[in-house]
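Asker: Spelled out from the first residue to the last, the chains are:
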Amino acid sequence: MRRPAVGRPVSADRLLAAALRWGSVLCLVFLLVLLAAGVLVRFVPLFSLGWADEVVELAFAWMVFLGTAALWREDAHIAVTFLSDLLSGTPGGRLLEGLVTLLALGFLVTLTWEGWLLAGQAVGNRTPILEWPKPLWYVSIPVAGIVMLGHTLRRAIRLIRPAPGDRRGR
Amino acid sequence: MTPVETLAVFGVLAALMLLGLPIAVSMALTAILSFLALGEPDLLSMVPQRMYAGTTSFPLLAIPFFILAGNLMNTGGMTQRIFRVARCLVGHIKGGLGHVNVVASMIFAGMSGSAVADAAGLGLVEIEAMRKAGYDPRFSAAVTAASSTIGPIVPPSIPFVIFGSMTGTSVGRLFLGGFLPGLLMGLALMITVYIIATRRGYPQERRVGARELLEAILAGLPALGAPAIIIGGILAGIFTPTEASVVACLYALILGLLLYREIRVSDLPRILWETLEHTIRVMFIISAASLFGWMLIQQRIPNLVVEGLVALTDRRWVILLIINGILLLLGCFMEGIAIMLLTIPVFMPLIARVGVDPVHFGVLMTLNLMIGLLTPPVGMALYAVSSVSQVPLWPLARELWPYMVALLISLGIVTYIPEVVLWVPDLLMGAAR
Numbered sequence: 109m110r111r112p113a114v115g116r117p118v119s120a121d122r123l124l125a126a127a128l129r130w131g132s133v134l135c136l137v138f139l140l141v142l143l144a145a146g147v148l149v150r151f152v153p154l155f156s157l158g159w160a161d162e163v164v165e166l167a168f169a170w171m172v173f174l175g176t177a178a179l180w181r182e183d184a185h186i187a188v189t190f191l192s193d194l195l196s197g198t199p200g201g202r203l204l205e206g207l208v209t210l211l212a213l214g215f216l217v218t219l220t221w222e223g224w225l226l227a228g229q230a231v232g233n234r235t236p237i238l239e240w241p242k243p244l245w246y247v248s249i250p251v252a253g254i255v256m257l258g259h260t261l262r263r264a265i266r267l268i269r270p271a272p273g274d275r276r277g278r
Numbered sequence: 008m009t010p011v012e013t014l015a016v017f018g019v020l021a022a023l024m025l026l027g028l029p030i031a032v033s034m035a036l037t038a039i040l041s042f043l044a045l046g047e048p049d050l051l052s053m054v055p056q057r058m059y060a061g062t063t064s065f066p067l068l069a070i071p072f073f074i075l076a077g078n079l080m081n082t083g084g085m086t087q088r089i090f091r092v093a094r095c096l097v098g099h100i101k102g103g104l105g106h107v108n109v110v111a112s113m114i115f116a117g118m119s120g121s122a123v124a125d126a127a128g129l130g131l132v133e134i135e136a137m138r139k140a141g142y143d144p145r146f147s148a149a150v151t152a153a154s155s156t157i158g159p160i161v162p163p164s165i166p167f168v169i170f171g172s173m174t175g176t177s178v179g180r181l182f183l184g185g186f187l188p189g190l191l192m193g194l195a196l197m198i199t200v201y202i203i204a205t206r207r208g209y210p211q212e213r214r215v216g217a218r219e220l221l222e223a224i225l226a227g228l229p230a231l232g233a234p235a236i237i238i239g240g241i242l243a244g245i246f247t248p249t250e251a252s253v254v255a256c257l258y259a260l261i262l263g264l265l266l267y268r269e270i271r272v273s274d275l276p277r278i279l280w281e282t283l284e285h286t287i288r289v290m291f292i293i294s295a296a297s298l299f300g301w302m303l304i305q306q307r308i309p310n311l312v313v314e315g316l317v318a319l320t321d322r323r324w325v326i327l328l329i330i331n332g333i334l335l336l337l338g339c340f341m342e343g344i345a346i347m348l349l350t351i352p353v354f355m356p357l358i359a360r361v362g363v364d365p366v367h368f369g370v371l372m373t374l375n376l377m378i379g380l381l382t383p384p385v386g387m388a389l390y391a392v393s394s395v396s397q398v399p400l401w402p403l404a405r406e407l408w409p410y411m412v413a414l415l416i417s418l419g420i421v422t423y424i425p426e427v428v429l430w431v432p433d434l435l436m437g438a439a440r
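Chains as they are written, first to last, in my numbering: chain Y, 109 to 278; chain E, 8 to 440.
Simulated from the structure, these hints should not be mistaken for lab results.
Check each hint, because a few of them may be wrong.
So the derived label-pair ranges between C-beta atoms look like this [said to hold, decoys possible]: (1) E:ALA21 to Y:ILE268: 26 to 32 Å; (2) Y:ALA144 to E:SER273: 50 to 56 Å; (3) E:VAL325 to Y:ASP193: 35 to 41 Å; (4) E:ALA21 to Y:LEU154: 50 to 56 Å.
Even glycine gets a Cβ: it sits at the ideal position worked out from N, Cα and C.
Please take these sequences and the hints and turn them into a complete structure.
Answerer: Right under this line is the structure:
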């Protein structure tokens with residue numbers, strides 16, 4: 109895990125990155141413990157885990173969507189980079205980056221807005237056993253969407269108005 | 008949808024991917040644009056619904072845990088012990104460490120479901136040992152890359168989990184279906200190593216005595232026990248494939264932390280995050296593919312493709328040849344899981360129409376995609392081994408061609424002799440009807 113270097117100011121951005129990573133990692137560890145307990149209680153029925161399925165889905169959803177946002181910030185999702193590598197450093201490359209950013213924004217706006225509506229539709233619904241509010245599950249989508257939108261908007265702004273030290277506007 | 012509109016859908020998808028958008032975004036955006044172009048903006052509500060449902064199905068939870076198990080085994084000293092066992096078993100055959108490389112990958116495959124975990128983890132041990140023994144680095148790298156493709160064919164297997172989850176096919180049957188094809192691939196690669204070693208005059212190691220072999224096996228026994236626990240547990244009905252992946256993690260964790268003492272608690276955050284990096288990349292594509300697949304089915308595109316192909320020919324062997332050709336071609340340009348998710352909605356109705364068993368098809372498809380891991384310009388195993396071995400990509404790709412021939416022959420056998428896949432699951436689980 110990357111950690112802030114000693115003496116460097118910890119920016120909100122770095123805190124957000126750490127929160128996304130650790131949030132995702134904690135969900136994974138939680139799932140590991142819960143599923144292992146599920147196998148164990150089948151043979152040693154010490155306690156009931158009837159509620160586990162509800163929590164497994166919750167942790168799985170948050171793990172995936174927080175992790176997706178964490179990797180989005182690092183441009184680490186799988187992509188075919190043949191054309192962008194070819195045009196890197198040229199005006200065409202900059203144009204391509206602008207187009208890709210715009211298209212990504214289109215996707216993210218749709219995902220975030222529709223995800224928000226989905227969570228809204230679930231208001232009032234509760235899970236059968238734990239009786240937790242169902243929007244807790246779906247709100248993982250707009251939360252991840254907002255983080256990805258923020259990062260992509262920042263990139264778009266830097267493309268238009270490069271910050272000092274941004275040679276190629278990234 | 009008309010054939011022209013269908014072509015436009017795939018054209019838009021290809022264009023978006025070529026522009027450099029993440030593959031997952033390309034798939035989701037194609038679906039979004041299709042809904043808008045067809046004048047059905049109400050369907051946009053399916054974007055989060057399908058993406059959520061696509062990622063949260065219980066069987067898919069096996070993906071992070073099989074990746075985690077592979078990472079723990081690589082860090083926890085299990086790979087070195089497996090390598091030593093393989094060295095004692097086959098090091099004396101002409102080609103020496105080349106065969107050891109293949110056999111170690113076959114054993115490792117019994118614990119990990121990922122080719123890249125094999126290429127980058129066990130691969131490091133294999134390449135280092137071959138370098139010390141004076142082997143040509145290109146030969147070492149090529150054998151390592153080729154043998155890593157066995158990982159997801161021999162159970163457990165991440166692609167089988169995804170295929171089973173997406174198509175409703177039994178993951179247990181798929182796991183068993185991979186046994187003989189995995190052995191076949193290993194045998195084909197060993198024959199290739201033997202031929203190359205003979206031509207180039209590569210050395211072989213001394214034959215070890217029974218005592219040394221026994222020592223190696225005893226030292227590696229806990230590591231060798233992992234496949235038995237995973238597969239035995241699934242077959243005995245003790246746990247599901249997803250639970251088996253969790254048990255594999257706990258087993259690797261106990262061995263690495265307590266028995267071999269090669270994993271420190273301080274290593275765990277790094278191992279967990281590396282696991283998540285691999286997992287999330289796959290899961291993001293799965294979630295988008297779930298939306299894309301829904302759009303294809305909603306627009307009846309698979310039916311259109313099936314009707315079109317069946318109008319050309321309804322011979323099973325030709326259809327399978329065409330499918331193999333398409334998968335191998337896509338494998339040159341796309342990541343394997345993405346291809347699987349993209350083509351499942353189109354190919355499944357087709358293979359049902361011509362009477363191919365879904366377990367046979369799942370193994371066949373995965374084998375195609377594993378060969379795709381070795382083909383440039385986009386070959387994940389190729390990149391992983393190139394990075395580990397410091398052998399540049401294109402010389403490595405050139406060195407790989409004899410192994411590609413061996414794997415293609417294996418593919419041909421698996422394609423046209425379904426019993427190679429179906430015999431073991433039918434024997435142990437009864438024929439599926």
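Asker: Look at each hint and say if it fits the structure.
Answerer: Outcome of the hint check:
Taken as a hint, the range 26 to 32 Å holds for the pair ALA21 (chain E) and ILE268 (chain Y), whose Cβ atoms sit roughly 29 Å apart. A beta carbon spacing of about 22 Å between ALA144 (chain Y) and SER273 (chain E) contradicts the range 50 to 56 Å that was offered as a hint. Taking the beta carbon of each, VAL325 (chain E) and ASP193 (chain Y) are about 38 Å apart, inside 35 to 41 Å as hinted. At roughly 54 Å, the beta carbons of ALA21 (chain E) and LEU154 (chain Y) sit within the given window of 50 to 56 Å.
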